[in-house]
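> Assemble the whole structure, with the sequences as input and the hints as a guide.
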Amino acid sequence: MKIFAHRGASGTGPENTLPSFAEAIRAGAEGIELDVQLTKDNEIVVMHDEQVNRTTNGKGAIKDKTLADMKALNAGSWFDDKYESTKVPTLKEVTDLLVARNYRGIVEIEFKTNVEQYPEIEEKVSNLMTSQDWPFTYWYCSLNVDTLERIHKLEPKARIDLVMGDSEEAPTMALDRSYIKGIHPRIDWALDHDAEVPNYPIDVRPWTVNDEETLAKVMELRVAGVFTDYPEKMLAAKRRNQQKT
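For the sequence shown, the positions run 1 to 245 when the UniProt record's numbering is used.
FYI, nobody ran anything at the bench for these hints, they're computed from the structure. Honestly, I wouldn't trust all of these hints.
With a straight-line cut-off of 30 Å between C-alpha atoms, the simulated DSBU-like cross-links for lysine-lysine are [as the list claims (entries may be wrong)]: (1) K233 with K181; (2) K87 with K71; (3) K82 with K59; (4) K157 with K181.
Written as structure tokens, this is what we have:
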């Protein structure tokens, strides 16, 4: 079971920023998850929300802002004043960091296309990710099945997972598509389906697991991985749990 840093080490630093990704690398996270969206001038930026309001000092939609607009924002002070110089990163800046730190884990790239439809975001991300060899492995995921179809056509060999929101159809949608190799359900779904999860036909990686008790429960369910805001804490909890068994 692999421990994925959810938006980087987002419990101890501002999510989806270079400091949170650097901390995830330092902590030894086995995977790092991040979210991609497109600016008005078609640059790939890493941010979870479609609006900048929650995680910057700005307001408005990413799709209405240029990269220069995004770079003018403070993406750290909302978390802690010591991060006041932190900027919204591009996907290229994140991959540059991962290369510089020789990160050898998994990078899970989530397309945030379930609210905004960003034309050609799949092509733009794929062009970057296929432009060179990386020390890390990368996978793709999204809530949007249309996005997954498009990325599968662009990169037939890429690992693709479906993020499950509240749709009860999501498990069937995943199982009906042979190119979808895993699902990312809410932790509640995994615990509620504890009879099915251990023998589920495809990988199950629940989100978000931030305490040792919950981690122990899903380890018993033999999930393939979990997403956590606290990778260092959950890696230590995983080791303790493995020593008990």
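> Next step is simple, just say for each hint if it's right about the structure.
Hint check:
1. The suggested pairing of K233 with K181 holds, with an alpha-carbon distance near 27 Å, which does not exceed 30 Å.
2. Note on K87 and K71: the hinted pairing holds, with a Cα-Cα distance of about 6 Å set against a maximum of 30 Å.
3. As the CA atoms of K82 and K59 are separated by approximately 21 Å, the hinted pair is consistent with the 30 Å bound.
4. Of the pairs offered as hints, the one joining K157 and K181 holds, with about 11 Å between alpha carbons and a cut-off of 30 Å not exceeded.
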